[in-house]
Amino acid sequence: MASVSFFSTPPSCICFFRKRCLSMTSGPCRGLGLSTKAMATDTSNLTVLVTGAGGRTGQLAYKKIKGRPEYMARGLVRTEESKSKIGGADDVFVGDIRNIDSISQAFQGIDALIILTSAVPKMKPGFDPSKGGRPEFYFEDGSYPEQVDWIGQKNQIDTAKEVGVKQIVLVGSMGGTDVNHPLNSIGNGSILVWKRKAEQYLADSGLPYTIIRAGGLQDKDGGIRELLAGRDDELLKTDTRTIARADVAEVCIKALQHEEAKNKAFDLASKPEGEGTPTTDFRSLFSQINTRF
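Under full-length UniProt numbering, read the sequence shown as residues 1 to 293, first letter to last.
FYI, nobody ran anything at the bench for these hints, they're computed from the structure.
Backbone N, C-alpha and C fix where the C-beta goes; we use that ideal spot for every residue, glycine too.
Where hints are given, some of them may not hold.
The list that follows gives simulated cross-link-like pairs (lysine-lysine, DSSO-like), each with its CA atoms no further than 27 Å apart [what the hints assert, rightly or not]: (1) 64 <-> 166; (2) 83 <-> 166; (3) 166 <-> 197.
Listed next, with one range per pair, are the computed distances between beta-carbon atoms [what the hints assert, rightly or not]: (4) 223 <-> 126: 38 to 46 Å; (5) 84 <-> 131: 31 to 39 Å; (6) 237 <-> 136: 22 to 30 Å; (7) 142 <-> 232: 29 to 37 Å; (8) 238 <-> 99: 38 to 46 Å; (9) 104 <-> 129: 42 to 50 Å; (10) 130 <-> 277: 36 to 44 Å; (11) 99 <-> 130: 37 to 45 Å; (12) 108 <-> 88: 14 to 22 Å; (13) 125 <-> 67: 33 to 41 Å.
Given these sequences and hints, build the entire structure.
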């Protein structure tokens with residue numbers, strides 16, 4: 001069974017918030033007579049930094065960018081071990097987003113930033129699934145959502161602004177409109193509260209941005225489902241609210257290619273495999289959204 005989580009780089013055991021999403025897709029806009037190519041942003045020779053590149057979604061985004069000749073890929077991870085895990089290339093930097101000085105080198109000369117960092121709760125030892133109930137989680141000292149999802153992301157946004165990036169894509173989580181959402185109680189971390197604060201900081205930064213609030217993340221193949229865009233957690237009220245990590249990574253990259261994705265925030269999920277038509281027209285997907293936050 002594929003793991004599901006609402007975190008960007010979470011443990012696979014948080015899998016009890018599965019539902020299904022409402023399709024909000026529409027056909028391509030033909031009224032203006034403009035082709036997708038005409039509306040696309042020139043991304044040739046862009047240097048794109050993926051932070052959180054050691055995480056499960058971050059690895060996918062970094063490797064996708066690295067495999068596309070129009071980009072120069074760069075990754076930021078927290079440890080040498082994570083760097084080795086994704087190949088140990090010279091374009092992967094090691095730094096701590098909680099310390100702005102330790103990440104500055106990775107940001108020099110970049111054109112775009114994809115933020116896929118997230119606080120990761122750990123399961124308390126002693127949980128026995130045979131006895132029922134749910135596991136308990138905690139955050140390590142210094143790695144609470146306030147430090148990682150707020151201060152760490154603020155540091156990234158500030159550094160990106162200083163070096164003059166052309167766009168920031170920030171991946172968050174659905175559920176942020178509800179302060180009582182169950183994810184906020186995990187480890188007493190209020191993770192969605194701090195994620196939302198970082199999202200607002202980005203929206204107010206003056207930089208071009210795209211905020212993607214992903215649904216429950218699944219370790220499944222991408223490119224085979226119809227993607228759904230929503231706002232203000234509307235998709236959480238429907239039956240499907242999950243999405244493959246590979247699809248989230250792809251949407252991050254596509255957001256760099258289309259003007260329709262800029263200065264917008266939206267929820268992202270997908271229909272189950274086999275239902276609907278796999279999304280290929282990303283301009284149309286982004287055009288459905290008109291919310292700046």
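With a cut-off of 27 Å on the C-alpha distance, tell me whether residue 64 and residue 166 pass.
holds, 20 Å
Within 38 to 46 Å or not, the Cβ separation of residue 223 and residue 126?
holds, 40 Å
Do residue 84 and residue 131 keep their Cβ atoms within the hinted range of 31 to 39 Å?
holds, 38 Å
Pairwise beta carbon distance, residue 125 to residue 67, judged against the given window 33 to 41 Å
Given a distance of about 39 Å, which is inside 33 to 41 Å, the answer is holds.
Just tell me: holds or violated, for the beta carbon distance of residue 99 and residue 130 against 37 to 45 Å?
Because 42 Å falls inside the window, the suggested range holds.
Is 38 to 46 Å respected by the C-beta to C-beta distance linking residue 238 and residue 99?
holds, 41 Å
Verdict for residue 104, residue 129 (Cβ pair) under range 42 to 50 Å:
For residue 104 and residue 129 the Cβ distance comes to about 44 Å; the hint holds.
Do the alpha carbons of residue 83 and residue 166 lie within 27 Å of each other, as the hint requires?
holds, 26 Å
Next pair to validate is residue 166 with residue 197; report whether the Cα-Cα distance is within 27 Å.
Holds. Residue 166 to residue 197 sits at ~22 Å (cutoff 27 Å).
Residue 108 versus residue 88 beta-carbon gap, inside 14 to 22 Å or not:
20 Å Cβ-Cβ, so the 14 to 22 Å window holds.
Taking the CB of residue 130 and the CB of residue 277, does the distance hold inside 36 to 44 Å?
Taking Cβ atoms as reference, residue 130 and residue 277 lie about 42 Å apart, which means the hint holds.
Does the hinted range 22 to 30 Å hold for residue 237 and residue 136 at CB?
Taking Cβ atoms as reference, residue 237 and residue 136 lie about 28 Å apart, which means the hint holds.
Violation of the numbered hints given earlier is absent; every hint is satisfied by the structure.
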